[in-house]
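**Q** Let chain X serve as the given structure and place chain L on it in line with the hints.
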Amino acid sequence: MRRFLLEGLIRPPLTEAAPEPDAAAVEALGQAFAQAGRETLGRSLAIRQVDAGSCNGCELEIQALSNPYYDLERFGLHFVASPRHADVLLVTGPVTRNMAEALRRTYDATPGPKWVIAVGDCAKGGGCFAGSYAIAGGVAAVVPVDLHIPGCPPDPVALLKGLLALVERMRTGTGTG
Amino acid sequence: MTDLPDLAWTRSRDFRASPFTATPVSRQEWETLTQALAGGMFTMMSLWGEEGAACMALHDPLTRRVAVARLAAASGVFPSVGVHHAPAQRLERAAADLFGLVPEGAADARPWLDHGRWEIAHPLGAASANPGQPTYRFLPVYGESLNEVPVGPVHAGIIEPGHFRFTAQGETVVRLEERLGYVHKGIDRLMRGASLARGAELAARTSGDSTVGYSWAFAQAVEAALCVAVPERAFRLRGLMAEVERLANHLGDIGAICNDAAFAMMQAQMSVLREKVLRAAQEAFGHRFMRDRIVPGGVASDLDAEGEGVLRALVAEVRDRFPPLVDLYDNTASLLDRTVATGSVSADLVRRFGAGGYVGRASGRDFDTRRDLRYAPYDMLKLDVPVQAEGDVNARVWIRIREVEQSCSLITQMLNALPRGALRTDVAQAGEPREGLGLIEGFRGDILVWLSLDAEGRIRRCHMRDPSWFQWPLLEAAIEGNIIADFPLCNKSFNCSYSGHDL
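Sequence lines, in order, name chains X and L. Just so you know, we're using the numbering used here here: the first sequence kicks off at 4 and counts up by one. Just so you know, we're using the numbering used here here: the second sequence kicks off at 7 and counts up by one.
Treat the hints with care, since some could be wrong.
[Claimed, not checked] Computed footprint of chain L on chain X; a stretch qualifies when at least three of its residues, placed anywhere within it, have a C-beta under 8 Å from a C-beta of chain L:
1) 15 to 29
2) 91 to 105
[Stated by the list, open to error] Here are some, though not all, of the chain L residues that point toward chain X, as calculated from beta-carbon distances under 7 Å:
3) N153
4) V157
5) V160
6) A162
7) I164
8) P167
9) Y188
10) E207
11) E281
12) G292
13) H293
14) R294
15) R408
16) I489
17) A491
Derived by calculation from the structure, the hints in this document are not laboratory data. Predicted model only: the values in this text are computed from it and were never measured. Glycine is no exception: its CB is placed at the ideal position from the N, C-alpha and C atoms.
Here chain L stands alone, though its shape is the one from the complex:
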């Protein structure tokens, strides 16, 4: 392999406090990086299009540094990364749909987000009239006695829309192919030219269950780009909100997974706990999902003594009621019969895809941005990152269980050392174009926000990468060899975001 290009590898503490410098690379250097990714040297954190360029964010797990490589693509083409490194494939297809950037040599040239129904094609590129798309061709499947089961986009439950194409041999799934993009709202284009306030509004509505996470990642990118010093108290309040959000989602997920294994009692019990968390959030922060509470520069609402009491009481209640439920889960053989050894994902796949959150940690990927790319307030807190090796539905349940316990601990730690002081710093414009990176640990995994601002502080480009981008493809692998009846169980154990992915 030729020498690796010299990228501006940046430590967490540096890119969180100052603008991010993307490294311009040549075509050959881009290809060398692709080989390094395929060889497992780095983890791909994202790939996205810009006007006249393709970018990718890389993470070096050994040195715990992040770099962004930018390849000028004035002619509208760039060498495909996905053809050598599968995790890039859907991101490339999305960049092709949005910008008209062609990944040269790509194995899969089908559109991804563009279903041929948008008003315009390549909305962030040429933005020409949409000629429509030919009928989407699912990958061919060959073999005897196969039957195809199409599901969605409208599903049977109260969940988001997406299409699943199962190919089964008898009861056994031999292939699942996902087709997403149904809830594409054009957020990238709405971001372009938007003010920071408008950008924050959109970020908070990218994936409703992670509204705190997205607001935080967006705020982080803004604050890094414009070198904003956020008050200490604001960091702590953000941390509290993020852990409350994680609690609510994990509790809801554990109940819902058990419900999909027909163990409704767990769902009832967990939904009570989840409701208590949401009500505490309403009382402490003024909104059940704490939407729009994190803003660039700080936080929009304070936590008074009463709110602190509410959060302490919540943690006490969860610590009291949760352990017996965990025992119930662990001692119900009929339930474990469904979750153990179901929907397994190998450690190798998880590592290659850089899958974050419980999907990664349940298959041995020991990574958490709160610890490995640290940011305030987690740099001052004690956090144990749970990791399991089995990679099945059961392991993903256990990661959540352990993270519920961790969140309770983190909330207590933060409440015990809550500094007084300001909530928000004014965000001053830089007077020049700036770029910044936001990277936080949402309940689902690491959320990345890449932000380019113009000299007036308006958004030139905002790319938000949901953790689901690297988890959805693994669901296709997880279901293989399982029965269709276990798909809801597997799917719920992943609980990927459709809206966060489709944008």
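For reference, chain X alone in the conformation it holds in the complex:
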């Protein structure tokens, strides 16, 4: 145990420089931040992840955001265990019909102002599962979506870029919207 603690003090951190926020996403989010700015949220965003039907690939990369390389918390972003504590819902998957109500109720349980980020190719229109009797559609078919991060699955850097776009919008206040 001591060895690892000592190493932690001596070795340089593994954490990598932050990527630039995704410019297109910053643009897309302009509208979303029109009503609520920095005053409301400070510099911190609480994220609630909801798997609405994914294959679990996106979950693996979202989990990776917390590893020492990406260290999501340094940006003031952190995952919370309840939608009641969340500002942002990070939703993955094509929304299955069996999960649609659970997603809607999670959204309803999230206090405003709130934003929804749809993650992964399936989250947009259902991806390769579109048209199935068991799929309600993409995330937007069930709750309003503010930003979509594509990828199958999006890697942690792509996820970070999207999330940083959100922070960037927050920092610049009400933005262009």
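**A** Same frame as chain X, but now just chain L:
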């Protein structure tokens, strides 16, 4: 017992190279097989519905052969296997939901995957308008001072959705009942009529953490059905990808289990190793999860000299950094206090359910398809299959630790003898209907794919059975007598797939 029906028992080397012959059985023969399963003579590998038939795949551990029995069920009923052999129950309920096939005499007739919300009922059968389902009734629990704790489908962590209904007496769990099906995407129906390329796409997205495993099992079924000769180099590259996938998942799991026992440092250290594995996969194969890299006929991407170097460096790094972490695990009494004797599963249950992977091997079931139903490239490699007897969370951690070491060894063996040559063979159509079986060892256990193709090479039926089907029910047994606070720990030590199970 009446005489066992004469099934076409097939050796691994035969069903991997040629189409699989399912044996038609009579109703009475089906019932005899059910008795044999209940008596522990065979292991059930899967049970599934087809248009007008019910099928089951059986494994005879003594002769190491596999057979598929098919019972015509034109009238839509078949004698329940689950009423005598519990592992079949949820598979039967799923077949009933998908096809409308009724397992006669079943002890549990509740729907499983169908929550009454699909557009249609029996999507692979009559596909009629869905009348909805009555409120799901959880099994009744009787006793004094019981309280019920419903959890999910939306969970507190970054994990998949499912519902757990705990009944506790004080802190102690006296019953857990799972309800799954929330991430059912209708993959079986999407498969029907699909091209092989589309089928491969869907298979690779059945359970994201096992994308290599599913792609391989699907490709194997296709190649067996159509007698495709896969190039030697492709086999090796598949093996490399599968072991890299196993490494990534096991390292992640070991960290996550310790994290659920509030030992966050292990999680941090393991997540670093896991990230290194994923980055190596990206560099060597072009995708962090190596998705869509295995295709029917071979592999879609080559490994160049640089990629080989990356994998060698990865193995060296894991061999350097992993052992001290294992020591840390083994020398932290407060951590072992949580994992030892927690969430025990008996050897008998594991054997009856034919539970694969670390769940089976941690409870004494000495089975690994890479060794017992061998397939290339593992037929040329040295593999030690670790087995433990204790069946607790600690044993499941140790199986993973040993398998990390094995994967490192296998990767090195494969890199040391990597043949040159083609990556892919063209998959030619047979001009007649064919059937094939795919069976591989994913990180979680054995993944089975049963594939029926029509004369044009389109998919008539594709049944994919995740290892979780025979592990989820054992989690209900593992938690009994433990406290609710230890459930995340037990659950993580199983790490069953929701998506692979719900399909």
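**Q** Hints first: check each against the structure and report whether it holds.
**A** Results of checking the hints against the structure:
1. Given a C-beta distance limit of less than 8 Å, the hint that chain L covers the region 15 to 29 of chain X is violated, as 1 residues qualify and 3 are needed.
2. Taking a C-beta to C-beta cut-off of 8 Å, the region 91 to 105 of chain X contributes 9 residues in contact with chain L, enough for the three needed, and the coverage statement holds.
3. A least Cβ separation of about 21 Å between L:N153 and chain X goes past the 7 Å threshold, and the interface hint is therefore violated.
4. Using the Cβ-Cβ criterion of 7 Å, the hint placing L:V157 at the interface with chain X is not satisfied: the shortest such distance is roughly 12 Å.
5. Nearest Cβ of chain X to the Cβ of L:V160: about 5 Å, under the 7 Å cut. The hint holds.
6. At about 4 Å, the closest approach between the beta carbon of L:A162 and any beta carbon in chain X falls short of 7 Å, and the interface hint on this residue holds.
7. Hint on L:I164 holds. Least Cβ distance to chain X is approximately 5 Å, under the 7 Å limit.
8. Hint status for L:P167 relative to chain X: holds, with the closest Cβ pair at about 5 Å, below 7 Å.
9. For L:Y188, the suggested interface contact is upheld, since its CB lies about 5 Å from the closest CB of chain X, less than 7 Å.
10. A least Cβ separation of about 6 Å between L:E207 and chain X falls short of the 7 Å threshold, and the interface hint therefore holds.
11. Taking 7 Å as the C-beta cut-off, the interface hint given for L:E281 holds, the closest approach to chain X being about 5 Å.
12. The restraint placing L:G292 at the interface with chain X is violated, with a minimum CB-CB distance near 12 Å, outside the 7 Å limit.
13. Contact between L:H293 and chain X, as hinted, is not supported at the beta carbon level, the nearest pair being about 9 Å apart and thus beyond 7 Å.
14. The beta carbon of L:R294 is positioned within 7 Å of a beta carbon in chain X (closest approach about 6 Å), and the interface hint is therefore held.
15. Using the Cβ-Cβ criterion of 7 Å, the hint placing L:R408 at the interface with chain X is not satisfied: the shortest such distance is roughly 22 Å.
16. Using the Cβ-Cβ criterion of 7 Å, the hint placing L:I489 at the interface with chain X is not satisfied: the shortest such distance is roughly 19 Å.
17. Hint status for L:A491: violated, given a least beta-carbon distance of 15 Å to chain X, over 7 Å.
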